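Student: My request is simple: use the sequences and hints to build the entire structure.
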Amino acid sequence: MKANVVIMSVMVAVLIVLAWHFKGIAGTGEGLKGGLLMLWRIWPLFLLALAAAGLLQALIPEEVVGRYLGAGTPYRSI
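Numbering (our numbering), first residue to last: 136 to 213.
Honestly, the hints are just simulated from the structure, not real lab data. Be aware that a few hints might be false.
Claimed, not checked - Label pairs and their calculated CB-CB ranges:
#	residue 1	residue 2	range
1	Ile160	Gly205	34 to 40 Å
2	Leu182	Pro209	32 to 38 Å
3	Arg176	Leu150	17 to 23 Å
4	Pro179	Ile142	26 to 32 Å
5	Met146	Pro179	22 to 28 Å
6	Phe157	Thr208	35 to 41 Å
7	Met173	Val152	18 to 24 Å
8	Ala193	His156	17 to 23 Å
9	Lys137	Val199	25 to 31 Å
Predicted model only: the values in this text are computed from it and were never measured. Cβ coordinates follow ideal geometry from the N, Cα and C atoms, glycine included.
Tutor: Here it is in structure tokens:
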């Protein structure tokens, strides 16, 4: 399992415990419901953004990206 998935899972578990402690089961349910509603609203845009990123990755040669974001350029890459 990737480290970022483990970290995010632990963070969500801690937040659930804290919400349960401070807000009870009703508050925890409201928080989870709010997160799911947010996901429901943004999933079409999220899927389109991932498709666009994949298509750009296929269309733009790696050398071009390296020329603008690689070592020795004034721009910083991730």
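Student: If a hint holds in the structure, say so; if it doesn't, say that too.
Tutor: Hints, verified against the model:
At about 52 Å, the beta-carbon gap between isoleucine 160 and glycine 205 misses the expected band of 34 to 40 Å. Taking 32 to 38 Å as the suggested C-beta distance range, the pair leucine 182 and proline 209 conforms, at roughly 34 Å. For arginine 176 and leucine 150, the Cβ-Cβ distance of about 20 Å falls inside the hinted range of 17 to 23 Å, so the restraint holds. Against the hinted window of 26 to 32 Å, the Cβ-Cβ separation of proline 179 and isoleucine 142 comes to about 27 Å, which satisfies the hint.
The hint said 22 to 28 Å for the Cβ distance between methionine 146 and proline 179, and at roughly 26 Å that hint holds. With their beta carbons about 48 Å apart, phenylalanine 157 and threonine 208 fall outside the hinted range of 35 to 41 Å. Taking 18 to 24 Å as the suggested C-beta distance range, the pair methionine 173 and valine 152 conforms, at roughly 21 Å. With their beta carbons about 48 Å apart, alanine 193 and histidine 156 fall outside the hinted range of 17 to 23 Å.
Look at lysine 137 against valine 199: about 29 Å separates their beta carbons, and that is inside 25 to 31 Å.
Taken one by one, the earlier hints fail for this structure at numbers 1, 6, 8, listed in ascending order.
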